[in-house]
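Enquirer: Position chain R relative to chain A; hints supplied.
Top line first, the protein sequences correspond to chains A and R.
Take the first sequence: its position 202, counted from the start at 1, is 202 in my numbering, and no numbers get skipped.
Take the second sequence: its position 286, counted from the start at 1, is 286 in my numbering, and no numbers get skipped.
Just so you know, the hints here were simulated from the structure itself, not pulled from any lab data.
Values in this document were obtained by computation on a predicted structure and should not be read as measured data.
Accuracy of the hints is not assured; some may be wrong.
Distance condition first, Cα-Cα at most 25 angstroms in a straight line; then the derived BS3-like pairs of lysine-lysine [to be verified]:
| # | chain 1 | residue 1 | chain 2 | residue 2 |
| --- | --- | --- | --- | --- |
| 1 | R | K299 | R | K263 |
| 2 | R | K263 | A | K222 |
| 3 | R | K101 | A | K222 |
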Amino acid sequence: MSRRTFAHGALALALGMATNAHAATDADLDAIRGEIRQLKESYEARIRALEDRLKNAEAAAVAPAAAPPSPPEPVAAAPAAAGGIAAFNPAISAVLQGAYINLSQDPSKYMLFGFVPSGDIAPGPRGFSIAESELNLSASVDHLFAAALTFSLTPDDTVSVEEAYAVATGLPYGITPKFGRFFSGLGYQNEQHQHVWDFYDAPLVYQAFFGGQYTQNGVQVKWVAPTDTFIELGGEVGSGTNYPGNDRNKNGIGDGVVYVHAGGDVGTSNSWRAGLSYLQTASSDRAYSIVDASGIDTPVSFTGRSRIAVADLVWKWAPEGNPRERNFKLQGEYMWRRESGDLTYDTNVNAALAATSSYSSRQSGYYVQGVYQFMPEWRFGARYDWLDAGSVSYGDNGAYFGDVDFHPQRTSVMLDWTPSEFSRLRLQYSQARLVPGVTDNQWFLQYILTLGAHGAHRY
Amino acid sequence: MIRYFIAAILLAAALPAWCALNVFATVPEWAALTQELGGDKVNVYLATNPLQDPHHVEAKPSLIARARNADLVVATGAELEIGWLPLVTQQAGNPKIQPGKPGYFEAAAYVTLQDKPTRLDRAEGDVHAAGDPHIQTDPRNILRIAQPLAARLAELDPANAAFYTARQKAFADKFGAAIANWEKQGASLRGVPIVVQHKAFTYLIAWLGMTQVATLEPKPGVEPTTSYLSEVLEIIKQKAPKMVLRAAYQSDRASQWVAERAKINVVTLPFTVGGDEQAKDLYSFYDDTIARLREGAAK
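The following block holds chain A by itself, in its conformation from the complex:
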């Protein structure tokens, strides 16, 4: 506007000058020059003022200062890579693991004296090996469910479904149902995948009572109480086909688990979680072999009920809640197991000697471990495992079996290096006394690598 006026004024002046120039005297000329100079100065001042205003307005537009706030910018579009046919692909991640293992005792003879063998719990082959690899897929199913699938790829070229479950998201009142195959919510470490454990192998109690880890095929319902302190109640029913249960060709519910977890913070630097869990399952002709009193490996089978109670506690410390520099984690679980039913003692030599009698056992065990990150990327950990073979009553079969008065135990230390969230190298040494008079010195050098989607920081 003002610039245009200036232009008009200049044009009029020029025209005026052109028409009157020939008739003008020197005095007139001076007067006109003076006017022009004045005009020029005043316009220059106004232009300067305008330019300043423009500059301020531009600055204000960058910072929407005192002006009423501009409407929000449109929501940033999703990255281009997420478009097209792959847009709805689930999050995929793979975990690769391997180890170099040195064992002073033969792993094929690995056993926990006084405890029933429970699947593949041996520490792995001697020398170089790859350990279990994992493939995870997870995504929202729709507005009601989210689901995850984890394949376990074992070094001997078998694939198994480690977890395959769906969670109903967004139900009210703190209720979260889960169904499919999943690690049971009992205890603390049971829900964790092997690659996030702080040691190479599972605690002895987990090996003795669950064969490493208790997997559920069934339904879980968790309820979080509406309190500021974390209180969670959970219950599960399932097939009960996993150790210590087995497949009983049975309709209905095979096992049941109930638990309560509580947790919270103490100041800004400490947090904790504690829990109590109870599992009841059963087995029918769960076969295994046992060394009897005369030193002969004898097949036996158990039919009856198993009940396990777990008490767990986790305490974490990080200065000001920032675990990046230093942090400490203390973790322990105590388990009691009671089995009662019938045991069939069945020598291969003579079927007539097969004898079935009552059986009951009360056994327990615990582990406690601490892991200290003393500087970024580096952690040191120690763990102590202890089992009590407890009291076992064989009823009328008692004569065949010797007394079990021995406590398998193991002490482990580890040092690991975690250069990023996606890789970890670990050195672990364990001294295991699992059988009377035998000490197994175990060395593990292990790597854990994660590819793909960012994993969750589970507590």
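Expert: Chain R only, in chain A's frame:
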């Protein structure tokens, strides 16, 4: 009689808290902003403290318990909380705060993210696919987020809609004026060469027009090695930056190492509300940031 009296007092004491909107803020800046906009109509729970790295947080029991009762989650988004927030919202059993619902607010959706990686590869360190999530280092982003956040509060609590709108208007005026003031104070920082410890100040640097000449981390989130820091010393020698910027929650090891050898100031910025004693609220947070930067540049 006295029993009824006590009951009435208890009820009166409990009522405001019960009526208020329960807000679960992931980081201090959103807790502060929600408090500015919501006043006594909101009950804000802050999930992390200013000295925590907001990325390296676990889905602690206390977080799940608080998310259970939340009406609104205010998060940064852009993968900042990817390690823990999805787990917390999934385990809380609270339909209101699921992603996509009105009770789930991501601030990063309302600003233009910078530094989108050109190469999405873990070999590049902690890269965020959507762009740099540390948007709170530029106060203009706070202003941009205030309006949609107030609108969200109004949507969830329509009875107090006018209240939130009025608070937001008042905040926009006051904070806008404050920004103009910070820009005036920060004018001397334009073009000042600096080194950052972690690539966390993208928005602050862009806002004040400083020039970043080096990063003490070879890749985002990767601890520096001595040989890498020696390279940084060379750059410092050539480009003579005025200071090394470090966020309060980060270790001072690398910056001190460099400072001792290169005789360069280390400026520890609060990074968020509560990051140091001076940064008490959104205003003093930027007051303090600018003051520290000016001091660092002047030395």
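Enquirer: Does each hint fit the structure? Answer for all of them.
Expert: For each hint, the structure was consulted:
{"no.": "1", "hint": "R:K299 <-> R:K263", "in the structure": "11 angstroms, holds"}
{"no.": "2", "hint": "R:K263 <-> A:K222", "in the structure": "57 angstroms, violated"}
{"no.": "3", "hint": "R:K101 <-> A:K222", "in the structure": "22 angstroms, holds"}
Against the hints set out earlier in the document, a violation occurs for number 2 only.
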